[in-house]
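Protein chains in written order, with the working numbering: chain Z, 1 to 947; chain A, 948 to 1063; chain V, 1064 to 1501; chain F, 1502 to 1685.
It is worth saying that the hints were derived from the structure and are not from the lab.
Hints are not guaranteed to be accurate.
[What the hints assert, rightly or not] Pairs of lysine to aspartate or glutamate, EDC-like flavour, derived with a Cα cap of 16 Å:
hint	chain 1	residue 1	chain 2	residue 2
1	V	Lys1353	Z	Asp505
2	Z	Lys501	V	Glu1094
3	Z	Lys494	V	Glu1094
[As the list claims (entries may be wrong)] From the derived model, a few chain Z residues whose C-beta atoms are all more than 12 Å from chain F:
hint	residue
4	Arg15
5	Gly90
6	Leu155
7	Arg211
8	Ala215
9	Ala223
10	Glu423
11	Glu568
12	Ser573
13	Thr708
Small disclaimer: the values here were computed from a predicted structure and weren't measured.
Glycine included, each C-beta is placed from N, C-alpha and C at the ideal position.
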Amino acid sequence: MTERLQPQSGEVIDRSTPLPFVWNGKECTGYVGDTIASAIMANGHRIFARSMKYHRPRGLLTADFWDPNAFVQVDDDPNVRSGHRLLEVGVTVSPQNVWPSLDVDVKAANQLVGRFLSPGFYYKTFIHPQKLWPAYEKVLSTFAPGGEVDIETPLAYHDKRYTHPDVVVAGGGPAGMAAALAAAEAGASVLLVEHEHGLGGHLRWGSDEERAVAADLEAKVRAAGVEVLTDSTVTGRYEDNWVGIVQRSHPIAVERLIKARAKTLVVAAGLIERPYVFAGNDRPGVMLSGAVRRLINLYAVKPGERAVVFSANDSGDASVADLERAGVEIAAVVDGRTTGNVIATHGSQKAIKSVELSGGRTVEADLLVTAVGWTAPTSLLNMAGDRPVYDPAVARFFPSGTPDNVLVTGGLAGDGTLDQLIEHGSATGSLAAGRAVAIAHRLQAATVRAAAVEGAEPDLAADVRTPLGRDPHPELFRSTTHGIVDYSEDVGSKDLVSAAKEGYDSVELLKRYTTATMGPAQGKLETVNTVAVLAEARGETIAEVGTTIWRPPYAPITLGALAGRIFEPERVSSIHPWHVANGAKPILAGQWIRPEHYGDPAGEVTNVRTNVGIIDVTPLGKLVLDGPDVPKLLNLLYTNSWNKLDVGSVRYGLMCAEDGVVMDDGVTGRLSENRWLMTTTSSGAGSVWEWAENWLQTAHPDWEVFVTPVTTAYTSINVAGPKSRELMSRLTDIDLDPDAFGYMKVRTGEIAGVDDCIMWRIGFTGELSYELHVPAGYGLHVWEALLEAGADLGVAPFGLEAQRIMRIEKGHFIVGQDTDGLTKAPTTGLQPLIKLDKDDFVGKPELTWAMEQDLPVLVSVKMTDKTIVPPEASQIVRPGTNEILGRITSSRYSPTLGESIGLAQVPPELASAGSELTVVLTSGERTTAVVQEHHAHFDPEGARLRV
Amino acid sequence: MLLVPCPHCGPRNQSDLRLVGATVPRPDPNATTPEEWGDYLYLRDNPADWIEETWYCRAGCRRYFTLTRHQGTNEFRNPPMPGDKVGTATYTTISVGSSGSQPGANIEPHTTGGAS
Amino acid sequence: MAGIFRRNGAGDAPARYSAPQLARKGLTGEEWPRVWRDHEIKPAYDVIIIGGGVHGLATAYYLATNHGITNVAVLDKGYLGGGGSGRNTAIVRSNYLTPEGVAFYDRSLSLYNSMAADLNINVMFSERGHLTLAHTDSALRTMHWRAEVNKLQGIDSSVIDPDEVKKLAPSLDVSTHPRYPILGALYHPPGGIIRHDAVVWGYARGADHRGVHLHQKTEVLDILVEGGDGPGGKGAGGKVTGVRTNKGDISAPIVVNCTAGWGSLISNMAGVKLPINTHPLEAAVTEPVKVFLPTVVVSGSLHVYVSQTDRGELVFGASVDPLATYSMRGSLSFTEELAGHILELMPGISKMRLLRQWAGLCDMTPDYSPIMGFTPVEGHLTDVGWGTYGFKAGPVSGEQMAECIATNTTPKLIAPFALERFSTGQLVGEKGAAAVGH
Amino acid sequence: MSDLTIQSPVTRSYSTKTDAAITLTDETAQSRLLFRAGTGTPIRAALAQSFGSSRMSGDVLIAGSRPDEWLVLGEADAVAAWSADVPTEGHVSLVDWTHGRAQFRLTGEPVRGALEKVCGLDWSNAMTPDGAVTSGSIAKVTCDIIRNDVDGVPSYLILVDRSFGQYLFDALLDAGDEFGITVG
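For reference, chain Z alone in the conformation it holds in the complex (with noise of 0.2 Å):
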């Protein structure tokens, strides 16, 4: 039975808080500062989980993070690593995987059937009938293991940070202090990073002295300005130092993310227990040295009632006088650094009997305690490159070489008296905050903005420290029995020996195969044995067979931590709050929020085509093009002619890539003598800016254009309609007279009351209209004056929807919409845009072939029934069969003209006017559409515009 002990001198519970929870579905408590593990064995429970595969009860094997047994639901939070978290007050917590109960478990019943259930047996059989698949496919899916995800939760705060500290510290036992608080001594800025929930290593659970000096290295590195996060794991180490954080102790966030630009890390891991393969090794009861001494000493917990400890080194002996004083009887210590072994522990399901030792021996025993020997979690020097190489010997990897911005301390590098390696790690931490010297230099140095730095970049500090030495330690991995390897996958050693045989021979293709390592513990406890048993099956040394390569992250980060402040900017002109305020439905175009209609869009055509509409085309692309050398830029950039505009006027331009595909549009007109501004269309308002500047900066930075993006500088409204121009001349002193200011001009002048507004006269509607660019800032102010100006006229808004409608009527194309990635220019009926004669510009070659080329024409057709609108990418094909011969790129019902009409892109055979298209609609029905002459539906000769 395990129980609370008498206080401990170390204990980190605080008895005078006692904390109800549920465990199992049974009342509990425990006290502040116990974990999740150690308050349910205090409370007498010691089977925690039943295994993935075979439902065997499992009880605490390492009593920390990595615990492969210790899984649990912690209300609506799965997967909780019991053997760390914190115990809170109330929740409730219950076991995983187990079905009813973790008493009564019906899918136990695969133990029977385990000798059948060999590696990879899911391969091997359901393959016939294969039509019921499925039907297993559903049975085996109910035996997922890990807990249940509620897919209502909340999402709850999570934020990040960036940080640029000196140093970094991975890892807060003695070494990693010291580092610390040598690199802080130094002058460094230092971020020290703990796993565990207080700094002090393995010396939290040591001996009086060893807490003593863990405590007072603790209270001098705090003291020296270290930043010390506990409870925090560097989850990774990518290019550049770019040292990955996450904090699960932070006041406001559940969980924060940080993200170091560590000029150098130091890694002080330390070592991770490594479990013990024989028969029975996964009984509850079997427990790591590390296990019950962190039970003992921080929380008081007595983890059993007779013990049998197999021990190769200190933790081993030191756990046999921690079991002693908790008044554990030891039943028997067996010398794993001699002759001694076990071979088996025995009993029910749920508790071990006895143990059977080397010499025929059977002690009986509940709990066994094992010491065979440490893994290295080299993760991070992994991800830093580095390949460590094995020492059989020690039975343990060190590392090869790292980064000079990466260092290594602490059991990672070797071992020592606490003395040594104390010594070790503030030599590392003062080599660490040299370097960071160094290269903080450069960095400042290269800088532009950064203070200026004095003198010469200093050298880089020679490593000069006095290497740890290694301790000789038997390789213990597997006894003469076969056991568990990878305890959260429920993978033995027998099924990796003959997983090898069968030809899964390479550490990678045997871990794909057996699933080994796969699981939640990612190897930390599971790839060294994995690794032995697979030598020993090839006859080959460790060093020989390899291992394999840890991925990120060191260990699991929440999906929400990770994402953090969900950041998706969006944007809005300045007259959103008034399209808020009025009913607009929005619609996302790109970052931006934009009216999609006002309630009705057919009525906001109407509208338009009898009195006068304004929209706001804000997102509209504008860059202001100043210097004597635009109309070069032009000609480069449009596959039209800019020699002749005059000052006054605007042209519309068409833009190709160096494919001639078609990229953007848009008009462009000329201010001044020296300035023009150009408009793009609003998704390529960025792209185009970019691509200018591409072209300027790079093949012709001997010309004289500055591109500068005015986007939203300038609130746009376009102002559409045979009123538009009564309604303008309410509000303006430019002269509006057609003959003053013609289609295809730009006036710049005052618009109620704002100066320095830019007006041409061009639109995408059809109508007579104006295209207003007005200071930003004053944006809503002009737009609330035309409507008061224009009230009498029937001004009205009118929102996307209805000027898409509008510009299909009018035949006008939409880049991206009707020309896709593969739509060169030819396909868009402008060749008369399409200049060849100019000496350069972008896609000239590819144009001049595509000229002559039968490309698909974009052409307007109607619908033979008036009413049926083909949805936008209904497919045309040859009569009577399903080759594809084109598709309708834009469809919509036209107000206007009663009937339905759209744009189409067809092979050249069909594009002459009067041929007939069979188009497919949605529901498999054909219907027919005819090719019209004109782009446009409506007002072909453009009388409306030029008014």
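Since the structure of chain Z is already known, use the hints to place chains A, V and F on it.
Relative to chain Z, chains A, V and F alone:
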């Protein structure tokens, strides 16, 4: 998060820049053949080795410039951080900005490919 | 041409995989025979295939099975399935945008469907349906486009509304979410996931037992070519004579490049330059939880795709890293973006934990479509440039490449993917819908 | 137009506190000029400010915001007065940036902590001293940032595309929340 040595701003996070692509000379548009032009549009050297490429410092100085990067290790010549790459003596060979060279002095004009 | 091919000695009959066999071996403790065997490398083969992934192994398998050509060696510098075949997210589907793509992947899907029986190994094909979400008007239009093209090709594919999306994947947030509303989805019932490693092992086992030699840890250092107009007699007009490996030279009149990540470097060895840039593609997996996500979910706008394995893990992927590189180190920013985007879609899973991330290499071509078939060097064929779609295409690529090799003519299904298209400008239109193509 | 005031993109109202450690101020109503100038132009001498740094010149702040770009910021009258007699000969571009950008100021001792939550730049005194000018992504939007301490208290001017104004303002308030922030 790779640190990219912008010659104007200094080392910046990769997310602040955009890799435009390998630097390829543009054929004379009035004398090129479809094969040559196809090569210009599509064919890039793709070595696991040093490569000349164009970067655009999108969030910083908004300049295009050429850098030399190793496509196997992502190391830049002019490494911004010493000793990051294992097994290559990167630290002592070249220095950035500290030897009196003006930021931007190592930019060469070049032509870019057709990617947009 | 088939006359020049010889047979390797056929292998022992492979052990049949079945439940009774499993029971018998379980009771008797009898061991399973090796899935594939080790052979001495012969001095010459009829066909050498570089790359022991699903493409290379399937090509070898179909050469032996469909064409009786067995004097074939598959060379891999590492272990079988260690590249893209073992690093992908195991999604299969056929709802592509172009008729070429649809026809091709539909054949692949039907081969996947019968694979368990054909190869006598349970590849755990889970035909669970595939949802591609649309968050914008234009994305919805593209979904319609794909659906219509698919339907005309006989593929089960349609656009469904948010309510139907919710029924298929209850964890998705289909409310009028302010930022990325789910406006609809392309639903493709035949899409699903498969146990990718089993596919590799199945083909390897099948090829081995038909006499193909599989040589792991055999790295090709050079492709030997004579008579070409480039340096060293390589390049256009040349003729392949064999390969040089870390284990010596091997003669062969036909050398097929079935690699991913190193595709351009391998063909460069023959003097053939390919329009390929190599980019890493990252993926990640969570800890297992009880199964709650029954379909494959893809969002192009959010650059994420996700499915849940029968083991309960969520498997995530994204679009390729814009940095062209051969470095396969994982990045933190990938997992950050991924988590942010997945929580946009499924805000209820914020407490799930990301367990492991990894990267694979993708050879990207300008039109996101492969380069298959003959090259200007006689005897050097490619099956490369698969970008992010390689795994899905494995079976059909193998089948078609085998036919190409055996008949010395280009089969119709792969004709659109010829190398020449980049100089004639006949690019394949798959790029249009390929922001995230899973 | 004298009765018109420049509308701010920040249109929501916020409560203010007196004891907050950080103050966020909306300075969009100030004037902003953007100069770009080719090498050898006389205005470069008049601006006399290198890329990455800034200084007060009378009542205006002159910042070298790009290798060939300068910002001049201040109250409308001061900016108008300053720009009245700058030489604009040669290859020079002058764009009134007043309406193109929202301008916010974050002031307070813990501002660095707030910025570190939303921006990956190094805000240490060595890398970003008073007067430093840079640009970078804040909450995923590209901003111009000028460190412009007020009476020795760290203070940063943040300029962003006007259309992102409300979004960024909210993101900054959120970032400052854990330190105590108020709208000034």
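Would you check whether the claim that Z:Glu423 is not at the interface survives, using Cβ distances to chain F and the 12 Å cut-off?
31 Å, holds
At 12 Å, judged by beta carbons, does Z:Ser573 keep clear of chain F as stated?
6 Å, violated
Assertion that Z:Ala215 lies farther than 12 Å from chain F (Cβ):
29 Å, holds
Examine each Cβ of chain F, and state whether all of them lie more than 12 Å from the Cβ of Z:Leu155.
14 Å, holds
Separation of Z:Arg15 from chain F, once the least beta-carbon distance is taken, above 12 Å:
Per Cβ check, Z:Arg15 is outside 12 Å of chain F; nearest 33 Å; holds.
No chain F beta carbon within 12 Å of Z:Glu568's:
Given a closest Cβ separation of 8 Å, the condition is violated.
Restraint check for Z:Lys501 with V:Glu1094, where alpha carbons must lie at most 16 Å apart:
Holds, because 8 Å separates the two Cα atoms, which is no more than 16 Å.
Distance restraint between V:Lys1353 and Z:Asp505, which requires alpha-carbon spacing of 16 Å or less:
Not satisfied, since the Cα-Cα distance of roughly 32 Å exceeds 16 Å.
Taking the shortest Cβ-to-Cβ distance between Z:Ala223 and chain F, state whether it exceeds 12 Å.
22 Å, holds
Run the C-beta distances from Z:Gly90 to all of chain F and say if the shortest one exceeds 12 Å.
Non-interface label stands for Z:Gly90: nearest chain F Cβ at 26 Å, farther than 12 Å.
Quickly compare the C-alpha distance for Z:Lys494 and V:Glu1094 to 16 Å and report which way the hint goes.
12 Å, holds
Whether Z:Thr708 stays farther than 12 Å from all C-beta atoms of chain F, as the label says:
Contrary to the label, Z:Thr708 does not stay out of reach of chain F, its closest Cβ about 5 Å off (not over 12 Å).
In terms of the numbered hints stated before, the structure departs from hints 1, 11, 12 and 13, listed from lowest to highest.
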